[in-house]
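Protein chains in written order, with the working numbering: chain G, 1 to 423; chain A, 424 to 678; chain V, 679 to 913.
There may be inaccurate statements among the hints.
Unchecked claim - Okay, derived cross-link-like pairs now, BS3-like style, lysine-lysine, Cα gap no bigger than 25 Å in a straight line:
(1) K751(V) - K426(A)
(2) K415(G) - K380(G)
(3) K507(A) - K672(A)
(4) K674(A) - K751(V)
(5) K380(G) - K642(A)
(6) K691(V) - K572(A)
(7) K780(V) - K426(A)
(8) K426(A) - K801(V)
(9) K823(V) - K505(A)
(10) K437(A) - K823(V)
(11) K675(A) - K801(V)
(12) K797(V) - K769(V)
(13) K801(V) - K507(A)
(14) K693(V) - K704(V)
(15) K426(A) - K769(V)
(16) K884(V) - K437(A)
(17) K321(G) - K257(G)
(18) K796(V) - K675(A)
(19) K464(A) - K257(G)
(20) K507(A) - K745(V)
(21) K314(G) - K415(G)
(22) K797(V) - K437(A)
(23) K572(A) - K676(A)
(24) K675(A) - K688(V)
(25) K751(V) - K507(A)
(26) K676(A) - K882(V)
(27) K745(V) - K508(A)
(28) K437(A) - K796(V)
(29) K464(A) - K419(G)
(30) K823(V) - K745(V)
(31) K89(G) - K67(G)
(32) K507(A) - K674(A)
(33) K751(V) - K823(V)
(34) K693(V) - K884(V)
(35) K884(V) - K674(A)
(36) K505(A) - K688(V)
(37) K414(G) - K360(G)
(38) K426(A) - K783(V)
(39) K800(V) - K426(A)
No lab work stands behind these hints, which were simulated from the structure alone.
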Amino acid sequence: MGQVETKKNAEALSMIKFQTLLLLFCLQFGALFSKSRTVESSSVRNLQSVFDEAESGDTLLLKGLFKVSLLKVNKPLFIIGKDAEFVSKDGDEILVIASDSVLVKNIVFKDVEASFLKDRAAIRLLEVQQVQVDNNQFINTFFGVYVQNSSNCIISNNTLQGKAGDEVHAGNAIHIWKAERIEVINNVAEGHRDGIYFEFVNQSFISGNISKNNMRYGLHFMFSNYDIYENNQFENNGSGVAVMFSKHIRMLNNTFKENWGGASYGILLKEISDGVMKHNRFELNTVGVYAEGANRIQIDSNVFVRNGKALDIKGNCMDNKILNNNFLGNTFEVLTNSKGNLNFFEGNYWGQYSGYDLNKDGVGDVPHRPVNLFALITDKIPAASMLLHSPLVHGLDMAERIFPQLIPEQLIDKKPQMKPLNL
Amino acid sequence: MGKIVKYLTIDLMKNWVMIVFTALLFLATLGFFALEGQNEKAVIGLLNLSLLLVPMLSLIFSITYYYNMYDFLLLILAQPIKRKKSIFSLYLSLLIVFSLSITIGLGLPLVLFNPFSTSYLLLLCILLLSAVFIAIALWAAVYTNDKSKGIGLSLLLWVYFVLLFDGILLLGMYNFAEYPIEKYVLFFTFLNPVDLSRIMVLMQTQTAALMGYSGAIFKQFFTTQQGLSIAVLLLVSWVVVPLMFAFNKFKKKDL
Amino acid sequence: MIAFEQLNKKYGKHKALENVSLSIPKGRVVALIGPNGSGKTTLIKSFLGLVSLNSGDIFFQEKSVLKQSDYRKHIGYMPQISRFPEHMNVKQLFDFMRSLRKDVKDYDWDLYDKFEIKKLEKKRLNALSGGMRQKVSAALALLFKPQLLLLDEPTAGLDPKSNEVLKSKLLNFASEDRLIIITSHILSDLDDLVNDVVYLIDGKLKFYESIESLQEKTKESRLTKMIAERLEMKN
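With the rest of the complex left out, here is chain G:
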């Protein structure tokens, strides 16, 4: 069963790559060979009629400032800006793409106003395929790019700068709902509610993005399966990153940094299974990884540096493998709310390990217990955190590690590394 799933996952990945190549070829080169004309804002009164009158496959080179709303693209077009700026005329959506094979490139989008009735977006992709949104700039747009019921699309190299107010008045930078094979590559999302939002999105690829200073999540990921995200940077978001109710997610080489606050994590793993987390870096988060109902996840070769709690793994998590990670300078290394342990820890480097290595094989001779008593106490009694570094607490911790009474006796790393792994 597990093998079949893995194979499916791999197939999904190669599928995405192939699709992407094809799409890039079609759109970017298509634009070169198609009929092109320059449209200047000063000479055009109604841009919609220009769009309507153009032929399928035309290239429109836009120049100047356009005040437009609800501009609809009904046929395959290459819409390329040359110092072009689209400002919402009445605060409503700017561009609605309702046709396959459209390219939108090099345009600045501005001033889409917040609304309680409708998730207004600068660009909306409505039930389309093979559309690319490339190298645009979004300034103060409620939602930046909104993709719904679409497939095989690319959102790349965009910069999305929201005006961070409160959570209710903020939209998401890149919002994708019900889609397949979408690529989100090298975008910068800042000052929105969520940086990147995925709901019911399968076989998709998120790579090289920077998502920071968003009010809620840097990446909000739900009910989406067989996806990959790698090489992204999530920094200083209200609650970090949430990956929930999903299967077969591969999370590689990402950085989760400086997500501070009462309910903030590097990453929240909730009800997810069969995923892989490798070579990620968790630095200065209140909680590095918060896992609840996570099963069969391989957490391998990650680096946890100076987090409040590196790993908070609840009792309803099963069969996860925590292998070969570096835990450096965290206040607490592992926290759990159960006396038992159904996960497997091995070969990690633990900054708080105080054992020895007599046979010099680089592996500590005494197992390490990464859960410390004080972590459990502060979890039950948050106010007790004021006793951090109290001599009393140091004493209790030491006693508990020697004669475990309250900490989970089975939660041990039998092969703790003596030196940090080279990751």
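Based on these hints, arrange chains A and V on the given structure of chain G.
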């Protein structure tokens, strides 16, 4: 009074315990910065060390010193000198020598390796803490009538402030864990100068931000100008109150 | 010169002084005598303000000394000191004491010279022998030419030669407007020095009499014998 302070201070500066203490602090501070890659961890390590060491030494050394100076004190008191002056001179001399020792042993390398506000605050807290515990030591010395009882009492006080208080507080928090007790806990930390200093310094480090909601409440208090001033004032009152008790008792004491 | 009126002092249940009333005029050398725990030290300490009384009053030159400190200008006190500041040497001690007594400009260096304390100047006080310490103490007590000299066991630990030096100095020092009070239990040392004897026992004043009167009553010539005889008598 200045004369008494001058002679006692010069005498104390040659005391081998103080010299060893200064050297130990100096080496420990260098050691922490050499061994810990991160300055912040070194600061926290130093905080841990000095919170244990400084109250203990301030207490035991001051009580011993008081009893060793007893005969000499009588000689001074047979001169036209007021009692309050003599005991205050004793306190001031101890304070000056401890402050010098801490400033040289801890402060100098600390400020050199980590010239940020956290270091200055740590130094200030430890200086105040030693002022507090010298005052408490004098109070204990004046209340007891011989050296061994005095040292016994000071050890009890040390255990109370460094361990017992936190234990009682933890039990209390355990019983009221269901309630939002952060503000009350904050109040209770005012009742222990050791806890107060520890939290004051910890809240300036990044550790605080990682302590969740409770940490945020403490941080909110201890990082504002106002909160810090209140905390420092509280520490100062921890110096003044035991000192008042000690002075008043000494004034009426049969020597 | 000094007067004690109805002094009462209790340490817990123990009565250290009980209704002690005593008036001593100037121009005398008084021996304060009594067994250990009889209240000698308490009496001296209460006069110096080191012990607070339960009741009673003490006068020095007709003025109450309770809660005062200024009267101590006129007093030279030679205590039994076992410990000095760790690193203080003899010279520093004299410098220190002189700096405390800025009011005095005219010093009495007589004992200082006769005991040859100058030779010890660089020695640490705590390294001195008991006898040496007594010499330093005595020289210090006389340094400021006090009107009232209080000596607590001055001869303890002194060699016979120094003992004689001290005695002759005290004889020399005594005059019409001065008072010397000496506590001691080695009575023979005080022969031919004292004029009066104050005897305390269990915190009570047993008697205060001049040597002449004692001699008359007991027909003895040596102080020890006189006192032993006197204690046999009633009143």
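Structure-based check of each hint:
1. K751(V) - K426(A): holds, 17 Å
2. K415(G) - K380(G): Outside the cut-off at roughly 29 Å; violated.
3. K507(A) - K672(A): holds, 10 Å
4. K674(A) - K751(V): holds, 20 Å
5. K380(G) - K642(A): holds, 20 Å
6. K691(V) - K572(A): holds, 21 Å
7. K780(V) - K426(A): holds, 11 Å
8. K426(A) - K801(V): holds, 21 Å
9. K823(V) - K505(A): holds, 21 Å
10. K437(A) - K823(V): Since the Cα atoms of K437(A) and K823(V) sit roughly 33 Å apart, the hinted pair is violated (cutoff 25 Å).
11. K675(A) - K801(V): Violated: K675(A) and K801(V) sit about 36 Å apart, past 25 Å.
12. K797(V) - K769(V): It holds: about 10 Å lies between the C-alpha atoms, which stays within 25 Å.
13. K801(V) - K507(A): violated, 31 Å
14. K693(V) - K704(V): Since the Cα atoms of K693(V) and K704(V) sit roughly 29 Å apart, the hinted pair is violated (cutoff 25 Å).
15. K426(A) - K769(V): holds, 15 Å
16. K884(V) - K437(A): Roughly 49 Å separates the two Cα atoms, so the pair is violated.
17. K321(G) - K257(G): holds, 23 Å
18. K796(V) - K675(A): Answer violated: K796(V) to K675(A) is near 39 Å, above 25 Å.
19. K464(A) - K257(G): holds, 19 Å
20. K507(A) - K745(V): holds, 12 Å
21. K314(G) - K415(G): holds, 22 Å
22. K797(V) - K437(A): holds, 23 Å
23. K572(A) - K676(A): holds, 17 Å
24. K675(A) - K688(V): Distance ~14 Å between K675(A) and K688(V) Cα, so the pair holds.
25. K751(V) - K507(A): holds, 17 Å
26. K676(A) - K882(V): With a Cα-Cα distance of about 23 Å, the restraint between K676(A) and K882(V) holds, given a limit of 25 Å.
27. K745(V) - K508(A): holds, 14 Å
28. K437(A) - K796(V): Holds - the C-alpha atoms of K796(V) and K437(A) are around 23 Å apart, at most 25 Å.
29. K464(A) - K419(G): holds, 18 Å
30. K823(V) - K745(V): Given that 25 Å is the threshold and the Cα spacing comes to 24 Å, the pair holds.
31. K89(G) - K67(G): At roughly 5 Å apart (the allowed maximum being 25 Å), K67(G) and K89(G) satisfy the hint.
32. K507(A) - K674(A): Distance of about 7 Å is within 25 Å: holds.
33. K751(V) - K823(V): Cα-Cα ~10 Å, so holds.
34. K693(V) - K884(V): Holds. K693(V) to K884(V) sits at ~15 Å (cutoff 25 Å).
35. K884(V) - K674(A): violated, 32 Å
36. K505(A) - K688(V): Holds: K505(A) and K688(V) sit about 24 Å apart, inside 25 Å.
37. K414(G) - K360(G): Distance of about 16 Å is within 25 Å: holds.
38. K426(A) - K783(V): Holds, at about 17 Å.
39. K800(V) - K426(A): holds, 20 Å
Checked against the numbered hints above, the structure violates hints 2, 10, 11, 13, 14, 16, 18, 35; every other hint is satisfied.
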